[in-house]
Amino acid sequence: MADIALKQVTKKYKQHTALNGVSIDIKDKEFFVIFGPAGAGKTTLLNVIAGIAVPEEGVVTMNGKVVNSIEPEDRNVAMVFENYALYPHMSVFDNIASPLRSPRYRQPESKIKEEVHRVAKILRIDWLLQRLPSELSNGQRQRVSLGRALVRSPEVFLMDEPLTHLDAKLRHQMRAEFKEMQANLNTTTIYVTHDYLEALSLGDRIAVLNEGRIEQIGTPDDIYYRPATEFVAEAFGEPEINLLTAGIVRKGGEWYLNLLGDSDHFTVPRQVKSVIEELQLENVRVGFRPKDIKYSFTDDSASMLRAAVYSFEPLGSKAILTAHAGGQLIRLIAPADLEARPDRPIYLKFNVDEAIFFDERTRRFIARAGEKGGRFVG
Amino acid sequence: MAAQYLGSVYNGWSKIVAKPQRDNGVSSVKKRYAMKTIVLLVVTALLVFTSACSSGKSGGSEPGATASGSPESSQAPGSESASPANGSFDWKQYSGQEIDVLLNQHPYAEAIIARLPEFEKLTGIKVKYSITPEENYFDKLTTALNARNGNPDVFMTGSYQLWEYAPAEYVQELDSFLKDPSKTSPDYDLNDIYKGILDGDRWDLVPGHPVGTGSLWALPLGFETNVLVYNKRALDSIGAQPPKTFDELIALGEKLNGWNGDGSYGVAVRGTRSWATIHPGYMTAFSMSGAKDFEIQDGKLVSKVDSPEAIEITKKFAELVKKAGPKDWTNYTWYQASSDLGAGKAAIAFDADIFAIFQGSKGASKEAGNLGTAPPPIVKEGQAVGANEWIWSIAMNNASKKKDAAWLFMQYFTGKEHTLWGATQASVFNPIRASVWENPDFLKRIAEFPGYEDTFKAIIDNTSIKFTPQPEFFNTTTEWAAALQDIVTGKSDAETRMKQLAKDINKRVERIRTE
Amino acid sequence: MGNTNPFSKLLKNAALLLYALFALFPLFWMILISFKHDREMFNTVFLFHPTLENYKVLFSSNEYIGYFLNNVYVSVGAVLVSIVVGVPAAYALARFDFKGKENLAFTFLSFRFAPELLVILPLFLIYQKIGLYDTYFGLIWVYQLISLPFIIWILRGYFEDISPEVEHAGRVDGYSWWRVFLKIIMPLIKPGLVAAALLSFIFVWNNFTFALLLAGQGVITTTVASLKYISSDTVHYGQMAAAVTISALPEVILALLIQKHLVRGLSMGAVKG
Amino acid sequence: MSSIGKSGETVQIADLAKDRMDTYRVPPIPFMRKARPYLILAPALLLTIGILIPFFISIYYSFTNYSFKYKDYSFVGLENWTLMLKDPSFWHSVWVTGQYAIFSTGAEMLLGIGVALLLNQETRLAKALRMVLIFPLMIAPVIATLIWQLMTNNSVGVIAHFLRSVGIDNFVWGADPKTAMFSVVLIDVWVYTPFVIVLVLAGLRSLPKAPFESAMVDGGSAWFTFKTLTLPMIKPLLVIALLFRTMISLQEFSIIFALTRGGPGDTLMSLSLTAYNEAFTYKELGTALPYMLILWIFVYIVSHYMIRYWSRAQKNASGS
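Protein chains in written order, with this note's numbering: chain E, 22 to 399; chain C, -13 to 501; chain R, 15 to 287; chain B, 21 to 340.
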């Protein structure tokens, strides 16, 4: 069982920098998700931990021991690869058995047999053991490669987008399985994905990676409710968060946000005010999750902002409604059965208390009023 | 393991071979055997794959590497190997040693191989030999000598080649051996060897100096004079006599084209781009025309192949080939010339007299029994007939580590006994020893070959090596052959080409280093 | 592709047959007269009494078998050395990147194009000095010029086809890099290896110049030996044909074995088969 | 830089400081691990050097008068080179070599492409021939030459016999300067055309179907589709075929050697033959080497650029 730490790790391939000064601390038994878009350096990060890639700078420690110069086979890590990386010339059984036959983790054949069958049963592939990888479906291959990792008890599981190649239904099911597997395996797991739902639903903590740099490390709630940067805010949540630039309008004691040319309705929450004051900001960026924007078709200019329907995409249970106001597009959630012709006037109410505030210059998180996702920091 | 593998292949084959060929359907027979062959090969291939690794890089010692004289004939080496202290000679004194011999593909070589068992029995020396066709023989020999690693210990060579090998210190001079009574058998009798022939292997290494001077570099095995060997059937078919002059030869040869159906022709002569093309018929005619290859002018060799006589005779020779020679003359080595004569393709061969024996001996060829011998055609009226001669000799590698054993080999196969055996039982013609020419069996034998002895007697006095000794012999004669080809194939006319040749040759001989 | 009217079809087949005749008849003829007795050689063409005489003569002295064996020894030896040396090299060229990689790869390839005589002339002297002249090993070494480029260039392609992830999986599973190489990579490239080996075997087997000039009477190979059958006091065309047939057979068989990989092999992996 | 709000900033700075400390203790990667690629390559490199040494030695000897006819040799500077360049027979041999390469390669490419197209049909004949047609390629060139000698031999040759039966009895192949080049090229073509066939055929069979169907729909002529679609797509293969054939035919030795040894006259004295002659018949190593070095330099440069060109063509073909 291991806690794993990366300190200022930089990995270059030729001129291209895959990891740039990455520092992470992963606690023992933690289910740690590394999230990021394609090419963010997620896989490289795993390879560095596994010892497949050797960083130019920085150190990797396991249980406080620096392991940079330790070969992969001696790190006692198990890895599930994005493309499964099964041994094409070996049967499923032999694939799963291979770690236990290696000089490093050798077990008696009898033990191997029972171990493999045990794991295969868990993964419900025990009826495939004699087949070759080429005779399996993607889902099955994925399970085999998973089995190859689970068959032994390593310091840490490394999983590189294990679900990406599966169809939506299977992916859901597997996600659930992972969760409880992790629960009763209680081994450190580092899980790479580009799917924010996977990240949020599986991770104890999530590290958001972008172009080789860490954007933020935090619990799913931190990430979702207090995204460190606009990048993080945009990456999590579907439809995407609405980010609007707002000027600060001081009217006596009250402060208002000037959103989309409307400066009457949006009072700056008290807690946020202090921060803004401290930083002496003239403008801020305000993020509204689509679900935090209410709408109505009955004119209520007093409390609401006037806009026009731009587009309407029903998605079965719900629908994404895009409205058009002050030269900006605003996405919000609406019931699928809504009657929304384009250009129909619509009135929006932004729930400022749920809004997320960013520094307009640095695009970094300032503050948030809402109580959701635990105590705010202010 | 290799040996027992050989066995298996051989048995496999003999089985196939033994199989009676029921049906005459070519293809089916062929198919069946081809199939067997394939199967056999696959099997053997596997066999070898396994054995290949274990057989190291043991050079020639591999049974496959060189075809060694039948093993069972060589009995266990005698105990005493060092030469005895006193001066007495003993054939067994180097028993147990093994020598390598490089042979040219030639009846002389066959005679040697045939008698190896006797030699090995007599001396207890083991002989490993390999045979190479003449086309590559001297290239291979030169490279082997250049290795200076003592392999081969003994080799066949022509006298001409000695002019190159001796200055390069490739060959051992032999007088010292001849003088040593503990090395040379008392009954070897050097004087029995025709002086004219033996002198062909003597030279003092000074370019331009004649043979017969200086030390002895090799011992003659046999020698060839260049004459006309003709097919009596052919001549009778047009009621002709052997031609006396070169012009007659041309005219007659032309008449004889097609004498024996498709592809048959008048006169066979060599034509490859090789030194060997020059020395037989061509050089004989060349010398009889009074031309010389070189003259020494103020101490320098100067080519004379562009002299008027030289150009004239070259023209004539080209004419002969064009009018009466084989269509693909430039492919002709003495092998082709000889076998064409034997197969009734060629009516006449202007080449070695021994063709008459090789092809004429009973059962040796289709035309055996029809072959006659006549002196080479004269070029000028009334001149005395003579020919260029070629001497096959055996010489000793200067780098040999078993010179004494090698010397025994040379003695044995140039000695009276073998020479006589070769001349009477095999085709070692012409024998180099006077004693043989007096031997009744021998005389009886050559009597079988019409005109052979007379021809020999007629020309022997004027027969000698017509080339001027010099170490660039190969260059000059190869260039010469190339020129001859150009002239015959009409690529260029004799005049200009021979002048060009002279220039090239002079360039070559200028580069002779004499230190 | 193209139009399919009966006439053009006929024409195409005719052309094809014509080429087939050109390509195959010589082989047929060679086999044919290998069964023809020298007696009939000069006066018959197709119709004759088939005989195994020529083969009998060929194998009666173990001379020819010797040449054949020599050929096998040097060819097999050369290929084995190339495998031992070339497989790791091919792997390195496929997997790692390091300075001058492509130049190195090209150097290997350029061996295939090196004028044989240029190598032979100096090598001839060196060999004679260090005693490699006319030895199996001497030939095996120089044959690397032929077989090594094949092995390296063909296998490099096969290695590149294997996903690095598979190797990483092996490492993580607890195998050291060379165990991974032996247990996982090698089995995966086996077909390629076999093809490359056989193909380079064929071309080594066929080589003439090296064998002619770097070996003396010690190591004569069939290609060199076959020359001697045109020269003898009577030319033995039949025996020559038989010799040629025997020495050509292994190649044809091997060729049939490796059809699938032929393209990749012949283009030395420059073109994926 | 996990930052949660502004108070996070301070924490993070502390982290950074700590990290810096650590980065000083980055352990070096073990030498054996860094050197691995080179270790793996080492044997091949050694062998390469072992093979390359002769090249350099030959460069050295080309400046000496090394000869098998003499025991010792001396440095003669550029003499051999100037001798060669002044010698008309050198330029002749360059001419011969070039002719041989161009004729044989040209014929093989054309014939090869043609036959490959024919073999690409799905007729029974084509299918049957696809395999067997490569046999000649498996025959050693020198052996192939012997076979052709057998067939054209004036006494026993089936072709000679055939020619005679149709009244041609003065066609003597290698023996006639006018037909010598034709003869050797013919043998080269016989042996190596299958090489081109195999490559081109592979290219044709791996072609995507779609563009051709669309071309069919557009009703382009067979030739047009070939010119605009097939050719560009199989270009990389053609380049490779061309590369191999040119390079190897430039130094072809055994065919000419076995057929005419360079004759008749100097008709077929290519660079290789001349070098052989100089070295092994005349035993002049010093004068032989420049012939081969010139050829090698040429071959090396040309093949280098052709490889480059090929990899570009490769990209284009796969890219588009």
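Rather than coming from a laboratory, the hints here were simulated on the basis of the structure. Careful: at least some of the hints might be erroneous.
Here are a few chain C residues that face chain B, going by a calculated C-beta distance under 8 Å [what the hints assert, rightly or not]:
1. E150
2. E155
3. E159
4. Q227
5. T231
6. N461
7. R499
We treat Cβ as the ideally placed atom computed from N, Cα and C, and that holds for glycine.
Hints not upheld, ascending by number: Hints 3, 4 and 5 are the ones this structure does not satisfy, whereas the remaining hints hold.
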